[in-house]
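First to last, the protein sequences are chains A and B. Under my numbering, think of the first position of the first sequence as 1, with each following residue one higher. Under my numbering, think of the first position of the second sequence as 1, with each following residue one higher.
If you are wondering where the hints come from, they were derived from the structure by calculation, not from laboratory data. Small disclaimer: the values here were computed from a predicted structure and weren't measured. Hints should not be assumed to be uniformly reliable.
As the list claims (entries may be wrong) - Have a look at the derived ranges for each label pair, beta carbon to beta carbon:
| id | chain 1 | residue 1 | chain 2 | residue 2 | range |
| --- | --- | --- | --- | --- | --- |
| 1 | B | N23 | A | R55 | 40 to 50 Å |
| 2 | A | S198 | B | R199 | 38 to 48 Å |
| 3 | A | A205 | B | V31 | 50 to 60 Å |
| 4 | A | V144 | B | G335 | 38 to 48 Å |
| 5 | B | V31 | A | R55 | 55 to 65 Å |
What the hints assert, rightly or not - The calculated lysine-lysine pairs, modelled on PhoX-like cross-linking and capped at a C-alpha distance of 20 Å, are:
| id | chain 1 | residue 1 | chain 2 | residue 2 |
| --- | --- | --- | --- | --- |
| 6 | B | K303 | B | K293 |
| 7 | B | K313 | A | K176 |
| 8 | B | K33 | B | K293 |
| 9 | A | K204 | B | K313 |
| 10 | B | K303 | B | K313 |
| 11 | A | K103 | A | K177 |
Ideal placement from N, C-alpha and C gives every residue a C-beta, glycine not left out.
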Amino acid sequence: MSDADLIALSALQHFLFCPRQCALIHIEQAWAENAATAEGRVAHERVHAVETEVRRGVRTVTGMPLRSDRLGVTGIADVVELHRAVDGGWRPYPVEHKRGRPKAHRADDVQLCAQAFALEEMFGAEITEGALFYGLPRRRSVIVFDPVLRDLTREVARSTRLLLAAGHTPRMAYEKKRCDACSLIEICRPRITGAERSAADWLKAQLDA
Amino acid sequence: MRKLLNTLYVSTEGAYLRRDGLNVVVEVERVEKLRVPLHLLGSVAVFGQVSLSPALMGSLAEAGIVTAFFGTNGRFLARVEGPVSGNVLLRREQYRVMDDGPDCTRIARAIVAAKSLNQRSVLQRALRDHGSALTDAARDAVIAAIDRMQDIARRALHETDLDRLRGHEGEAAALYFGVFGHALRVTDPALAFRGRSRRPPMDVPNALLSFLYTLLVHDCRGALEGVGLDPAAGFLHRMRPGRPSLALDLMEELRAPLADRLALSMLNRRELVAGDFRIMENGAVLLAEDSRKTVLTAWQERKREEIEHPFLKERTSLGLLPHLQASLLARALRGDLDTYPALIWR
Chain A
1 MSDADLIALS
11 ALQHFLFCPR
21 QCALIHIEQA
31 WAENAATAEG
41 RVAHERVHAV
51 ETEVRRGVRT
61 VTGMPLRSDR
71 LGVTGIADVV
81 ELHRAVDGGW
91 RPYPVEHKRG
101 RPKAHRADDV
111 QLCAQAFALE
121 EMFGAEITEG
131 ALFYGLPRRR
141 SVIVFDPVLR
151 DLTREVARST
161 RLLLAAGHTP
171 RMAYEKKRCD
181 ACSLIEICRP
191 RITGAERSAA
201 DWLKAQLDA
Chain B
1 MRKLLNTLYV
11 STEGAYLRRD
21 GLNVVVEVER
31 VEKLRVPLHL
41 LGSVAVFGQV
51 SLSPALMGSL
61 AEAGIVTAFF
71 GTNGRFLARV
81 EGPVSGNVLL
91 RREQYRVMDD
101 GPDCTRIARA
111 IVAAKSLNQR
121 SVLQRALRDH
131 GSALTDAARD
141 AVIAAIDRMQ
151 DIARRALHET
161 DLDRLRGHEG
171 EAAALYFGVF
181 GHALRVTDPA
191 LAFRGRSRRP
201 PMDVPNALLS
211 FLYTLLVHDC
221 RGALEGVGLD
231 PAAGFLHRMR
241 PGRPSLALDL
251 MEELRAPLAD
261 RLALSMLNRR
271 ELVAGDFRIM
281 ENGAVLLAED
291 SRKTVLTAWQ
301 ERKREEIEHP
311 FLKERTSLGL
321 LPHLQASLLA
331 RALRGDLDTY
341 PALIWR
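One chain only, chain B, in its complex shape:
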């Protein structure tokens, strides 16, 4: 099995990364804080006022390690990478499928069905773990959502119209986020979920979800590029300049198992509390800078957890899921598989 390589996240303001031999050295105020061998890295993500020496960027690019730059709030700024990998014939096939109704829908419906089933699994788990602590009304609402989401997944898998498929996805998402708050066990009103909001997130769970989705989309994008697919040309998400549509497609099936579950467990285990978030004057909520490290560490640990891949039937780490799914998607586009086996994980 392919090895999960680390992502080096650096979020300390003023940090400077340079190369020393075959190592990356992280310095803060000219003091060496960390030294990592290049061959252990899969990617580098830096947040805010962090700089890299040109020699290091060159070595990273040469080793196929992508460096991504994010603003202080996690907004994507830029990436540095080496030559484009893979095969132009595969990308041509990707664009052809994108333009072709039936082939495009075949892949998109696998993604929507998987997304709904994975969201449903999050609710099922919450019900199993602490359903007895819920009020009757809340429990009934969760059970009703679970049933309907199963039905939506079934309809999605038979859907032949791309726009109706997007409708099913929206319906499932509305149901899911309608009861997502019941999966939270914490009673502090400062941590309550008040419906999905983004740009900006208006409560703590949304702020956490948004930050985790930023990390996930970064991983998905890297995984797609790694197998030679164009992350900007999606099947479910319409192509729009500046938007990594295929990375967003790939992320759909992975959001619930990788990000949503982690967000819930961090809040439920009180690894994050209200003080870890900053509420702005207009009600927008952001993960506080000092708390980002807590989330990044938890994210890295989560990625090291292992499961048996449901389709491949091989043990793998969660961190490799974007890569494995990207390679299965490439195989489906090449015609090695009859369709894309999106990740469905209970």
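Chain A with its partners taken away, still in its complex shape:
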């Protein structure tokens, strides 16, 4: 896969949350900072500073650049822990930091699994699990990279690539739970663009108003 064809690892997670959000960010280059994204950014600036720390047989590397040719993604891992293995080598263990609570959907799991794909290619080792660290509660959830999650991750990577290659932003209908939590709601305007509201009809109605 050529470098130009690689897509951002974060796009997979955006795609799972909402294909339109994914297109707005990665095709239209839209970005609106709100309190949530600002908080996330500050937290990420901290973990993305490239550092290595060794503690009790675990080397912690932050801001590690990643690439997976199998998925065609590139990105940066918040934290990769290197655990001392029985054979004396280091076993990579991805840890992704998330604001908020564990989600019902698998967007965070897919992002982590995509990191595992990249780490497997770059370290030449099989990676069986990783962890998501949630700010609320401050707790790690262990994610096992089983065949179901791996298939889902491959499928999401494929769909995301198709979406971004087409260069067209899909419409999505307004969904309260999803849209109200989205920092791009004012750029997206799902109530207008998703509901097939007709601007032509509106214009006509103005003539007689």
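On the provided structure of chain A, position chain B as indicated by the hints.
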């Protein structure tokens, strides 16, 4: 809702703007006159002999704040801005629509219809507010213009030929400016409107309109660039090197509600009088330098007024209208909307 950020206008000759931490400091003769935090600014517009430090220009560009330089008379000179925002695919679509007859006309006719209806609203309001003070002939002329402009808007919205559409626009403009003077309540002949004139404006209302249009086109241009559209590639206005055609397109629907109404109210409320204007030997009229501040202040205040956006049905400030319309135009070009809902505001 997106926040309306201020535009910092500086028109004091010899002023110097520099950066101090995260603030813009305005100095005149080395004395600090004003200090504004960068995060409160949306753009900076300077008129005449005003200079900026390179460090400040860099910080403004980095923060996405555009700096525009104007000559003493409001002629646009230059702008300083950071990297181009947005998306090349959107601009490609903009150029494609521009070259395509039906798609181009679909957007242009929304603009022309909205422009005519908004001009008509200005006349309706004048009739409502002081129609009884007009002579019978004047009142009849205004009513006739209102009726015909409604009809032109209707025809424009069904027009399929771009050149005929431009004809409708011209017809509406002629009708509107033919009776625009009746919307003025001041009797001072020095303030009378004698038909639309520009380059140069030949009377006081024209001088005021021209100055307000300069401010508006600056805002429209910034709004288009902010959503990633090319302000030079228009649908209604033909592309011409050096002309911000799309900014002029976007401005059409906004002229009457934002600029014309303000010009009328400033003159009718006597916030500006004949002495605020300079009449040159050849009859050209310019807003006097000292009076520009009065207009700039009124413009800023006007931009803070709030309305419910007629299409979006959200409360918004008038100052955000160029930005909201630019984003709706981008949505229409991307196919999220079936056409462009130009601003029609009563």
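Results for each hint:
no.	hint	in the structure
1	N23(B) x R55(A): 40 to 50 Å	43 Å, holds
2	S198(A) x R199(B): 38 to 48 Å	40 Å, holds
3	A205(A) x V31(B): 50 to 60 Å	56 Å, holds
4	V144(A) x G335(B): 38 to 48 Å	42 Å, holds
5	V31(B) x R55(A): 55 to 65 Å	57 Å, holds
6	K303(B) x K293(B)	15 Å, holds
7	K313(B) x K176(A)	18 Å, holds
8	K33(B) x K293(B)	15 Å, holds
9	K204(A) x K313(B)	17 Å, holds
10	K303(B) x K313(B)	18 Å, holds
11	K103(A) x K177(A)	12 Å, holds
Comparing the model with each numbered hint stated earlier shows that all of them hold.
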